[in-house]
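2 protein chains.
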Amino acid sequence: MSGLSARSLPGLPEVTAGTDLAELIAGALDAERPARQLQDGQIVAIAHKVVSKAEGAVVDLRDVEPTARAHELAEQTSTPAAPGAAGAAPKDPRAVQIVLDQSAEILRAERGVIVARTHHGFVCANAGVDASNSADPDTLIVLPRDPDASARQIRARLRELTGACVGVLITDSFGRAWRHGQCDIAIGCAGIAPLDDWRGRRDSVGLELRATWLAVADAIAALADLARAKDSREPVVIVEGLERFVSDQDGPGALALLRPLKEDLFR
Amino acid sequence: MSGLSARSLPGLPEVTAGTDLAELIAGALDAERPARQLQDGQIVAIAHKVVSKAEGAVVDLRDVEPTARAHELAEQTSTPAAPGAAGAAPKDPRAVQIVLDQSAEILRAERGVIVARTHHGFVCANAGVDASNSADPDTLIVLPRDPDASARQIRARLRELTGACVGVLITDSFGRAWRHGQCDIAIGCAGIAPLDDWRGRRDSVGLELRATWLAVADAIAALADLARAKDSREPVVIVEGLERFVSDQDGPGALALLRPLKEDLFR
Chain A
42 MSGLSARSLP GLPEVTAGTD LAELIAGALD AERPARQLQD GQIVAIAHKV
92 VSKAEGAVVD LRDVEPTARA HELAEQTSTP AAPGAAGAAP KDPRAVQIVL
142 DQSAEILRAE RGVIVARTHH GFVCANAGVD ASNSADPDTL IVLPRDPDAS
192 ARQIRARLRE LTGACVGVLI TDSFGRAWRH GQCDIAIGCA GIAPLDDWRG
242 RRDSVGLELR ATWLAVADAI AALADLARAK DSREPVVIVE GLERFVSDQD
292 GPGALALLRP LKEDLFR
Chain B
42 MSGLSARSLP GLPEVTAGTD LAELIAGALD AERPARQLQD GQIVAIAHKV
92 VSKAEGAVVD LRDVEPTARA HELAEQTSTP AAPGAAGAAP KDPRAVQIVL
142 DQSAEILRAE RGVIVARTHH GFVCANAGVD ASNSADPDTL IVLPRDPDAS
192 ARQIRARLRE LTGACVGVLI TDSFGRAWRH GQCDIAIGCA GIAPLDDWRG
242 RRDSVGLELR ATWLAVADAI AALADLARAK DSREPVVIVE GLERFVSDQD
292 GPGALALLRP LKEDLFR
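Protein chains in written order, with our numbering: chain A, 42 to 308; chain B, 42 to 308.
Among the clues, some could well be false.
[Claimed, not checked] Derived Cβ-Cβ restraints for the label pairs, each shown as a range:
hint, chain 1, residue 1, chain 2, residue 2, range
1, B, Gln78, A, Glu146, 48 to 56 Å
2, A, Asp305, B, Gln117, 16 to 24 Å
3, B, Leu302, A, Ala58, 40 to 48 Å
4, A, Glu106, B, Asp289, 23 to 31 Å
[Stated by the list, open to error] Partial selection, computed: residues in chain B whose CB lies under 8 Å from chain A:
hint, residue
5, Ser46
6, Ala47
7, Arg110
8, Arg217
9, Gln223
10, Trp254
11, Asp259
12, Leu264
13, Leu283
14, Leu296
15, Phe307
For the record, the hints were derived by calculation from the structure and aren't laboratory data.
Since the model is a prediction, treat every value here as computed from it, not as a measurement.
Using N, Cα and C, we set each Cβ at its ideal position, and we do this for glycine too.
Build the full structure now, drawing on both the sequences and the hints.
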């Protein structure tokens with residue numbers, strides 16, 4: 042038998058630019074009743090929004106001058122009226138401009154959705170730009186500039202504060218091309234093997250074996266999101282039982298999960 | 042605080058056509074030391090291969106006569122030589138014929154990969170056809186004909202045998218359009234809300250909120266796969282702590298997770 046468990050951390054105070062997230066996390070662990078220590082081999086999964094806020098990765102709409110392209114895209118992708126609703130919801134061209142600024146390429150812009158490839162290489166809705174959970178309605182949250190670096194930095198600081206060698210995962214919710222709903226995936230990680238590689242075993246008929254290269258970091262992100270109630274404002278989840286994927290080295294990070302452009306069959 | 046845990050079930054005997062899976066699962070629970078009972082609200086996640094085997098959803102290559110189209114696709118998608126390997130791996134046209142038989146549409150066939158939409162509507166590599174874990178090298182495993190019905194049937198039988206009202210999930214490993222590796226997703230479910238809907242809250246700038254329609258069943262599938270070691274041959278995982286997604290009714294099943302063709306931006 043093998044197994045795992047996960048729990049969300051309550052009691053994290055509001056995060057603002059400059060917040061030392063590792064310190065908040067260590068403090069929240071101390072405040073658990075009974076107080077708990079981080080252990081070697083545990084994984085600390087953090088919803089990216091608090092990382093973005095701590096790093097100041099927010100943009101004020103009032104500072105944005107939308108280009109003609111942003112006006113055009115806002116028009117083109119106004120959200121269609123929901124069944125029973127009054128009418129189409131117009132997009133704010135300034136918000137679309139922020140999406141454009143975060144994007145290396147717009148893959149699709151229709152049916153109310155902008156699917157973009159970010160400068161990091163992530164393919165997702167709105168290039169990761171999001172307003173939810175933002176205290177200020179005029180402020181949008183963007184993805185951290187280098188989420189793997191963020192993970193490495195938080196990991197080092199957690200080690201400094203607690204002595205524990207943990208894995209750190211930074212997560213976001215991504216839609217999927219052919220399936221409804223969103224699942225959390227890893228946009229940054231440190232001290233975690235992002236992929237578990239069993240390839241090389243080929244079956245006898247030449248079909249690609251369908252489960253030999255496991256996206257471990259993405260699966261942990263999905264699991265972490267289930268460990269909190271959605272409205273609980275608990276961005277941090279501690280996962281136990283996956284020591285086999287945690288390493289002393291920081292490892293390649295979540296960028297290793299990106300399919301290179303030249304292998305992309307669905308641009 | 043909220044939390045969850047998952048453990049894989051050891052000691053499941055070999056599954057063959059006609060095996061009563063629910064009976065095997067109940068027996069494996071009894072054999073745990075200490076013996077454990079299924080509890081209301083737990084989720085039983087089952088790797089689809091044992092469901093397919095129990096239902097006889099296997100095809101013998103020796104019974105297959107490949108069409109011209111299968112020969113052509115086999116040629117076109119021969120796996121490119123891996124770095125350091127001797128040469129391209131030819132595909133067996135009979136295996137490709139089985140993929141075609143399982144497919145409603147071939148989306149892509151290049152770079153060694155066939156991406157297909159199955160008759161159920163799942164978009165995945167090889168239309169879900171897989172040889173791994175098959176005891177007989179001449180036999181390929183295909184997806185269950187109606188995985189939601191399989192989940193409902195196993196759930197009803199588990200209730201009959203144990204009295205517990207659990208959720209049942211049938212999982213498979215799917216690749217992703219823009220990310221390396223595979224994650225387990227739900228191809229069938231019963232007694233589980235496949236999606237957790239928080240939509241309707243729209244942010245002030247008209248951007249689609251990016252995490253308001255959670256693919257719960259897929260996240261549970263991903264989590265379950267982490268609870269077993271990959272080579273452990275433990276197809277069954279018991280998940281606790283997600284009672285909020287388990288219902289007395291069977292619910293809409295995993296088909297509710299499929300994005301309809303008319304909303305597909307990436308065919």
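To see whether the hints hold, each was checked on the structure:
1. Gln78(B) with Glu146(A): 48 to 56 Å: holds, 53 Å
2. Asp305(A) with Gln117(B): 16 to 24 Å: holds, 19 Å
3. Leu302(B) with Ala58(A): 40 to 48 Å: holds, 45 Å
4. Glu106(A) with Asp289(B): 23 to 31 Å: violated, 55 Å
5. Ser46: Hint holds; Ser46(B) Cβ to chain A Cβ min 4 Å, cut 8 Å.
6. Ala47: holds, 6 Å
7. Arg110: violated, 16 Å
8. Arg217: With a minimum Cβ separation of about 7 Å from chain A (threshold 8 Å), the hint on Arg217(B) holds.
9. Gln223: holds, 5 Å
10. Trp254: Interface hint status for Trp254(B): holds (5 Å vs cutoff 8 Å).
11. Asp259: holds, 5 Å
12. Leu264: At 4 Å from the nearest chain A Cβ, Leu264(B) passes the 8 Å test, so the hint holds.
13. Leu283: With a closest approach of 6 Å, the Leu283(B) hint holds.
14. Leu296: violated, 10 Å
15. Phe307: Hint on Phe307(B): holds, closest Cβ of chain A at ~4 Å, below 8 Å.
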